[in-house]
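*Asks:* Sequence:
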Amino acid sequence: MEKKSKSKKAAKKIKIIGGVIALILLVSVIIHFTGAQYESTDNAQLDGNLYSIRSGVTGFVKELRFQDNQNVKKGDTLVIFDIDELEAKVQQAQAALQNSKANLSVSRSTASAGTDNATASLKTAESNRQASGAAKAKLNKAQLDLDRVNKLLAVKGATQAQLDDAKANLQIAQSEYKKSLDQEQSSLASSQGAKSQAKAYVGQIGLSNATISQREAELKLALKQLSYAYVIAPCDGIVTKRAFNQGQYVSVGQSLCVVVDVEKHWISANFKETQIEKMKIGDKVKIHLDSHSDIELSGKVESFGGATGAKFSLLPPDNATGNFIKITQRVPVRIAIDNFPADKKYELFPGLSAFVKVKVN
Numbered sequence: 012m013e014k015k016s017k018s019k020k021a022a023k024k025i026k027i028i029g030g031v032i033a034l035i036l037l038v039s040v041i042i043h044f045t046g047a048q049y050e051s052t053d054n055a056q057l058d059g060n061l062y063s064i065r066s067g068v069t070g071f072v073k074e075l076r077f078q079d080n081q082n083v084k085k086g087d088t089l090v091i092f093d094i095d096e097l098e099a100k101v102q103q104a105q106a107a108l109q110n111s112k113a114n115l116s117v118s119r120s121t122a123s124a125g126t127d128n129a130t131a132s133l134k135t136a137e138s139n140r141q142a143s144g145a146a147k148a149k150l151n152k153a154q155l156d157l158d159r160v161n162k163l164l165a166v167k168g169a170t171q172a173q174l175d176d177a178k179a180n181l182q183i184a185q186s187e188y189k190k191s192l193d194q195e196q197s198s199l200a201s202s203q204g205a206k207s208q209a210k211a212y213v214g215q216i217g218l219s220n221a222t223i224s225q226r227e228a229e230l231k232l233a234l235k236q237l238s239y240a241y242v243i244a245p246c247d248g249i250v251t252k253r254a255f256n257q258g259q260y261v262s263v264g265q266s267l268c269v270v271v272d273v274e275k276h277w278i279s280a281n282f283k284e285t286q287i288e289k290m291k292i293g294d295k296v297k298i299h300l301d302s303h304s305d306i307e308l309s310g311k312v313e314s315f316g317g318a319t320g321a322k323f324s325l326l327p328p329d330n331a332t333g334n335f336i337k338i339t340q341r342v343p344v345r346i347a348i349d350n351f352p353a354d355k356k357y358e359l360f361p362g363l364s365a366f367v368k369v370k371v372n
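Residue numbers (our numbering): 12 to 372.
Please keep in mind that the hints were generated in silico from the structure rather than gathered at the bench. There's no promise every hint is true.
Said to hold, decoys possible - Simulated pairs of lysine-lysine, DSS-like, Cα-Cα distance not exceeding 27 Å:
no., residue 1, residue 2
1, 189, 178
2, 134, 210
3, 322, 283
4, 147, 189
On a predicted model such as this, the values are computed, not experimentally measured, just so you know.
Generate the whole structure from the sequences, applying the supplied hints.
*Replies:* Quick look at the structure:
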């Protein structure tokens, strides 16, 4: 009886051990195949847009309208600079523009008058040319009359008085022709001068238009500079890292603060190069944040970095010199978040640590 009891206990013990071994094997197989479907890393963090706000003008800070770590809405005014000098520049630019427009009006009137004068001078020159032609014809006739009287006088067919009259008429015709020629030349020169002057007046219109374009650009720049005196929030977010005080003199380009966008978030993960072989864009991802263990996020692989993290470092490694030590590289992967909780957008900050699991084929 004692031997049978020991034999039963041994058999039972063997069954228990066998069952435990079988269970361990089963769990190992499940873990193996389940783990093969995922690539995970804790080298990841929540990321977002950080807008560095810099001054667009040089001047004194008149109003400071936020406190560090304050929630703001897109379009909220954060800073107002002293605008007296900027407004004066706008008024000066406006006055210069109005003056240029007035000059353009004068130039157009002058050009119109100059064109009319040139047209009138041209008509006068044409009239004098015709008069000169008539005087020339009259001179030719007077010369023919004198020649005819001379011939008649030779055969006693004309008197000395007729000869004297013909000579006098020729002299008058010569004088009138010379006078008409002088008038023609004078009117022609005057016409050419008026034409050149009219052309110059028309050119002045082009110059006035160019000046107006310049004044308009100056006014636009002055208005833009004035708009820079009002610093507004570029997005809904949290304003932080204030680097100035009210009343402080600030230069162009000086850093004022940083606005953290709370509307757009993603995960920046760095996977080992041995983990991305089967990973592709669109793969589903499970996301856990260290700061909020109660929140389970999901997403998908959005893109892969164009190079490893080492290549983007300030001093990339040079493996062509010295002793080479192979180091597993990390590849940046951007993961889009599908179910980011809207009620937590002011609690989840860029930079929070995350653990991600990518389901691969």
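*Asks:* Run every hint past the structure and note whether it holds.
*Replies:* Taking the hints in turn, this is what the structure says about them:
| no. | hint | result |
| --- | --- | --- |
| 1 | 189 to 178 | 17 Å, holds |
| 2 | 134 to 210 | 17 Å, holds |
| 3 | 322 to 283 | 14 Å, holds |
| 4 | 147 to 189 | 9 Å, holds |
Every hint from the earlier list agrees with this structure, and none is contradicted.
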